[in-house]
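J.: Please put together the full structure from these sequences, using the hints given.
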Amino acid sequence: MRFPVLPTATSPGGPEIDEAAAFRLVDYAIAHGVNYFDTGWRYHGGMSEVMLGKALKRHPRESYFVADKMPGVLNPTLEEAKAMFRTQLERCQVEHFDYYLLHAVRSVESYKKVYEENGVLGFLLEQKAAGRIRNLGFSFHGDQETLEYLLSRDTKWDCALVQLNYHDILHEYVPPTFILKNFNSSPAQPRWVLEKMTASGIPLLVMEPLLGGRLARLNKKSLTVLQEEHPQASAASWAFRYVAALPNVLTVLSGMTYMEHLQDNLRTYAPFEPLSEREMTTLRRALDIFITGANIRCTACGYCMPCPYGVDIPAVFTHYNRCVDDEYIPKSERNADYEKARRAFLVGYDRSVPELRQAMRCTGCNKCTPHCPQDINIPAEIDRLSKFVEQLRKQV
Amino acid sequence: MLRGLRIVLAVLCFAGLCLLFVDVSGVLPPKLAALAKVQFIPALLSGSLAVILALVALTLLLGRVYCSVLCPLGVLQDVVSRLGRKRRFRFSPAKTWLRTGSLLVFAAAFLVGIPVLFSILEPYSAFGRIATDLLAPVWQAGSNLLNLASQRAGNFAVGPTPVWQKGLPALAAAVLTLGGIGLLAWKSGRTWCNTLCPVGTVLGYCSRISLFRPRIDAEECAHCGLCAKTCKASCIDAKSAVIDVSRCVTCFNCLDTGSGGALSYGPVWNSAATGKKTAGPDLARRSFVALGLSIVGFPALAAARNPDEKKPDLSRKQRPAREAPITPPGASGLRAFAERCTGCQLCVSACPNQVLSNADDGTGVLQPSLSFEHGFCRVDCVTCSTVCPTGAIRPISAAEKSATQIGRAVVDWERCIVNTDKVQCTACSKACPTNAACLVGRKDGPKWLAVDPERCTGCGACEYVCPVRPLAAIRVEGNLEHRRI
Numbered sequence: 003m004r005f006p007v008l009p010t011a012t013s014p015g016g017p018e019i020d021e022a023a024a025f026r027l028v029d030y031a032i033a034h035g036v037n038y039f040d041t042g043w044r045y046h047g048g049m050s051e052v053m054l055g056k057a058l059k060r061h062p063r064e065s066y067f068v069a070d071k072m073p074g075v076l077n078p079t080l081e082e083a084k085a086m087f088r089t090q091l092e093r094c095q096v097e098h099f100d101y102y103l104l105h106a107v108r109s110v111e112s113y114k115k116v117y118e119e120n121g122v123l124g125f126l127l128e129q130k131a132a133g134r135i136r137n138l139g140f141s142f143h144g145d146q147e148t149l150e151y152l153l154s155r156d157t158k159w160d161c162a163l164v165q166l167n168y169h170d171i172l173h174e175y176v177p178p179t180f181i182l183k184n185f186n187s188s189p190a191q192p193r194w195v196l197e198k199m200t201a202s203g204i205p206l207l208v209m210e211p212l213l214g215g216r217l218a219r220l221n222k223k224s225l226t227v228l229q230e231e232h233p234q235a236s237a238a239s240w241a242f243r244y245v246a247a248l249p250n251v252l253t254v255l256s257g258m259t260y261m262e263h264l265q266d267n268l269r270t271y272a273p274f275e276p277l278s279e280r281e282m283t284t285l286r287r288a289l290d291i292f293i294t295g296a297n298i299r300c301t302a303c304g305y306c307m308p309c310p311y312g313v314d315i316p317a318v319f320t321h322y323n324r325c326v327d328d329e330y331i332p333k334s335e336r337n338a339d340y341e342k343a344r345r346a347f348l349v350g351y352d353r354s355v356p357e358l359r360q361a362m363r364c365t366g367c368n369k370c371t372p373h374c375p376q377d378i379n380i381p382a383e384i385d386r387l388s389k390f391v392e393q394l395r396k397q398v
Numbered sequence: 067m068l069r070g071l072r073i074v075l076a077v078l079c080f081a082g083l084c085l086l087f088v089d090v091s092g093v094l095p096p097k098l099a100a101l102a103k104v105q106f107i108p109a110l111l112s113g114s115l116a117v118i119l120a121l122v123a124l125t126l127l128l129g130r131v132y133c134s135v136l137c138p139l140g141v142l143q144d145v146v147s148r149l150g151r152k153r154r155f156r157f158s159p160a161k162t163w164l165r166t167g168s169l170l171v172f173a174a175a176f177l178v179g180i181p182v183l184f185s186i187l188e189p190y191s192a193f194g195r196i197a198t199d200l201l202a203p204v205w206q207a208g209s210n211l212l213n214l215a216s217q218r219a220g221n222f223a224v225g226p227t228p229v230w231q232k233g234l235p236a237l238a239a240a241v242l243t244l245g246g247i248g249l250l251a252w253k254s255g256r257t258w259c260n261t262l263c264p265v266g267t268v269l270g271y272c273s274r275i276s277l278f279r280p281r282i283d284a285e286e287c288a289h290c291g292l293c294a295k296t297c298k299a300s301c302i303d304a305k306s307a308v309i310d311v312s313r314c315v316t317c318f319n320c321l322d323t324g325s326g327g328a329l330s331y332g333p334v335w336n337s338a339a340t341g342k343k344t345a346g347p348d349l350a351r352r353s354f355v356a357l358g359l360s361i362v363g364f365p366a367l368a369a370a371r372n373p374d375e376k377k378p379d380l381s382r383k384q385r386p387a388r389e390a391p392i393t394p395p396g397a398s399g400l401r402a403f404a405e406r407c408t409g410c411q412l413c414v415s416a417c418p419n420q421v422l423s424n425a426d427d428g429t430g431v432l433q434p435s436l437s438f439e440h441g442f443c444r445v446d447c448v449t450c451s452t453v454c455p456t457g458a459i460r461p462i463s464a465a466e467k468s469a470t471q472i473g474r475a476v477v478d479w480e481r482c483i484v485n486t487d488k489v490q491c492t493a494c495s496k497a498c499p500t501n502a503a504c505l506v507g508r509k510d511g512p513k514w515l516a517v518d519p520e521r522c523t524g525c526g527a528c529e530y531v532c533p534v535r536p537l538a539a540i541r542v543e544g545n546l547e548h549r550r551i
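Residue numbers (my numbering), protein chains in the order written: chain A, 3 to 398; chain B, 67 to 551.
For the record, the hints were derived by calculation from the structure and aren't laboratory data.
Incorrect hints may have been included.
To be verified - When the alpha-carbon atoms are kept at most 25 Å apart in a straight line, the in silico SDA-like pairs for lysine to any residue are as follows: (1) Lys-389/A x Thr-449/B; (2) Lys-369/A x Thr-449/B; (3) Lys-396/A x Val-93/B; (4) Lys-152/B x Val-93/B; (5) Lys-342/A x Ala-215/B; (6) Lys-389/A x Gly-92/B.
T.: Right, dumping it as structure tokens:
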């Protein structure tokens with residue numbers, strides 16, 4: 003769950019969660035039929051689990067499901083994994099997790115290392131047998147081989163958390179493969195993942211239905227296309243209506259920080275209505291306009307951070323994406339609006355990324371890339387943007 | 067009427083010069099830099115004979131209009147002077163020995179090569195330091211507030227501006243100058259202009275024989291002393307009804323006192339006809355001797371070297387101790403730069419890349435040099451060369467600049483993280499606009515950093531982005547003489 007944070011107070015783990023606002027959201031959600039709450043070891047620097055525990059403690063245990071995750075990316079030993087699992091139960095103040103996922107499985111090697119060689123999977127299966135895990139699954143961020151490997155095991159997966167949204171599926175998005183990972187791996191296209199998972203019959207939990215919020219904040223032209231069909235419907239509601247109607251979908255996650263988000267989402271799901279043929283055509287049209295901009299697939303999850311050299315990677319990408327969406331990318335000096343767009347880009351860049359944290363500070367150490375769930379080649383993209391910014395700055 | 071005209075012109079020139087120093091918006095017309103180029107000493111140094119002749123001619127014709135309208139330090143004194151009581155001035159005899167002495171010290175400082183003394187006495191540069199180090203930070207902080215407002219309003223009208231201290235020596239000089247001259251102005255008007263200011267003295271010699279001048283009609287004069295009380299130059303002796311024209315800055319305040327018709331401003335032959343009294347041009351010959359001295363004096367000697375280390379700013383990378391200072395492209399070398407720079411800090415204010423600052427690293431104490439803690443010298447920017455009024459930084463085209471080596475990068479391999487931490491780091495080689503800094507080495511073997519000194523322009527991009535702190539592991543060493551590459 004993405005919690006609301008206090009605007010001023012900061013603590014070592016990041017901004018402090020606004021407890022009162024968080025309680026209000028959870029109470030309202032439960033009162034209106036929301037029953038699935040997702041958290042993870044690393045969210046809010048560990049405070050997400052604690053806060054969710056506090057908020058849910060005030061409701062009957064049978065009125066909600068809690069999902070938590072084993073942070074396999076931290077490469078834990080069996081002992082560490084056991085300790086983390088115990089801590090998670092304590093933090094969430096529960097006796098059992100309704101859903102428990104292997105967090106962000108990215109490659110066959112890392113899966114084998116942590117879950118098979120270190121024996122963490124065995125431990126989790128024991129916990130399932132003991133009733134402390136009701137449904138065991140994985141959250142998937144890897145290549146085709148990884149998914150095929152997971153599905154070919156004897157382990158019975160009760161669920162899988164996968165990244166699905168209309169942008170990736172309709173646009174047939176192909177994740178890049180690059181040098182650091184296995185040369186021979188084949189990228190797992192979201193459409194391929196969907197087909198594979200549908201065939202496996204494993205119930206799906208959907209993450210990133212809004213692609214890190216970017217589908218909730220379309221550019222003006224594509225939003226207009228949607229609004230011509232439904233003037234009052236939010237861009238997010240279109241995304242949910244698409245993804246929730248896919249086969250085998252058990253639930254759709256959405257990071258709701260504000261009451262307005264929650265209320266808008268409740269309106270989308272109650273009553274739920276899949277997109278009609280006509281609406282699908284409209285959505286495709288809006289998407290075509292949206293993807294013509296050369297966006298970077300950053301969802302600003304922040305897993306790449308902290309950068310050892312201080313580059314604020316999500317801020318750099320977010321600024322660029324916003325400028326693409328708002329058509330503030332200065333393209334050619336011959337364009338009439340070039341000077342205006344250039345100024346807007348640079349002023350916005352200096353505002354949103356402090357000088358000492360700008361793209362130019364990247365050393366190319368590549369520490370960030372393995373952490374990116376979106377498979378962005380971060381140093382290459384940062385370098386591209388840095389050169390782009392330099393080009394703009396030069397023409398004073 | 068004359069007074070009103072003087073005030074309007076002075077305010078326009080003063081505001082223009084202030085803006086020239088503090089503006090961060092980039093919307094000022096570049097021609098505004100002309101206001102700095104018509105300043106007396108800068109024009110003398112840059113060899114703008116036309117400007118000098120025009121200023122001398124103007125003074126010979128109308129008196130020291132320059133001091134009342136064009137000189138920003140003069141107008142600043144008038145602004146401060148307004149804060150004091152009205153009609154508080156009184157006549158004081160000319161301090162000729164001080165004026166002449168100060169002019170001689172000024173000329174000597176220039177000839178012998180003591181740029182500090184020289185720049186402290188130079189009025190336009192004294193103002194420049196006040197504008198750069200005291201006014202600009204306030205203005206820029208205001209601009210940053212506007213940036214916040216503009217951000218809230220969701221537009222890009224005003225962008226963020228970096229505010230940082232651009233050198234302690236200049237700040238100290240600015241504070242002392244403002245304190246000293248401000249106090250004098252608040253107490254007794256234009257004391258500085260008529261004692262220590264070398265330009266005031268030189269122009270005073272000219273105005274002594276000016277064609278137009280203020281004068282008192284001895285027959286009409288009631289010796290009420292009102293005019294003397296309004297004279298901020300303290301040059302009207304009401305008792306004997308005589309005006310010392312060499313000290314008069316033609317502010318015309320005395321004409322507006324309403325003390326009857328005894329005071330007027332007009333051509334000298336009218337006064338000769340009617341016997342109106344002014345101090346005679348008895349020192350005219352000497353004035354030209356002194357002026358000649360100043361003009362002959364300008365191919366001067368090199369600056370004094372005093373390689374003190376600058377105290378580090380810990381929130382930033384430290385400024386390295388360079389063996390030779392880096393002078394701006396267009397300066398052609400340290401010697402030529404140090405000879406002409408008066409330390410007005412206009413280039414420091416104008417630099418959009420935040421590389422110029424005032425540190426005593428081999429240039430004179432008040433003379434700026436390049437360093438790369440806040441930015442680097444972008445290859446196509448020639449702003450400093452377009453604003454410099456003294457010719458210390460000569461106009462240079464972007465194409466010329468890109469082929470000029472102002473320094474070259476030197477690698478401190480012992481501290482480079484590729485060596486110490488055995489990590490991959492391509493920060494400097496990516497930032498280098500000429501591909502002079504490269505990681506070399508066999509494909510799988512160890513890599514090291516090498517600089518091609520024939521390609522490096524000394525722009526400092528590598529030093530700016532180097533992650534090693536507090537001192538970068540790659541730094542630029544200045545070229546004493548700039549080279550073509």
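J.: Now tell me, hint by hint, if it's right for this structure.
T.: We went through each hint and held it up to the structure:
Between Lys-389/A and Thr-449/B, the direct Cα distance comes to roughly 22 Å. Compliance with the 25 Å bound is thereby established for this hinted pair. With a C-alpha separation of about 39 Å, the suggested pair Lys-369/A and Thr-449/B falls outside the 25 Å cut-off, and the hint is violated. The straight-line distance between the Cα atoms of Lys-396/A and Val-93/B is roughly 17 Å, inside the 25 Å bound, and the hint therefore holds. Only pairs whose Cα atoms come within 25 Å are accepted, and Lys-152/B paired with Val-93/B is rejected, the gap being roughly 38 Å.
Proposed proximity of Lys-342/A and Ala-215/B is supported: the alpha carbons are some 19 Å apart, at most 25 Å. Proposed proximity of Lys-389/A and Gly-92/B is supported: the alpha carbons are some 23 Å apart, at most 25 Å.
The structure does not agree with the numbered hints 2 and 4 stated previously, though it agrees with the rest.
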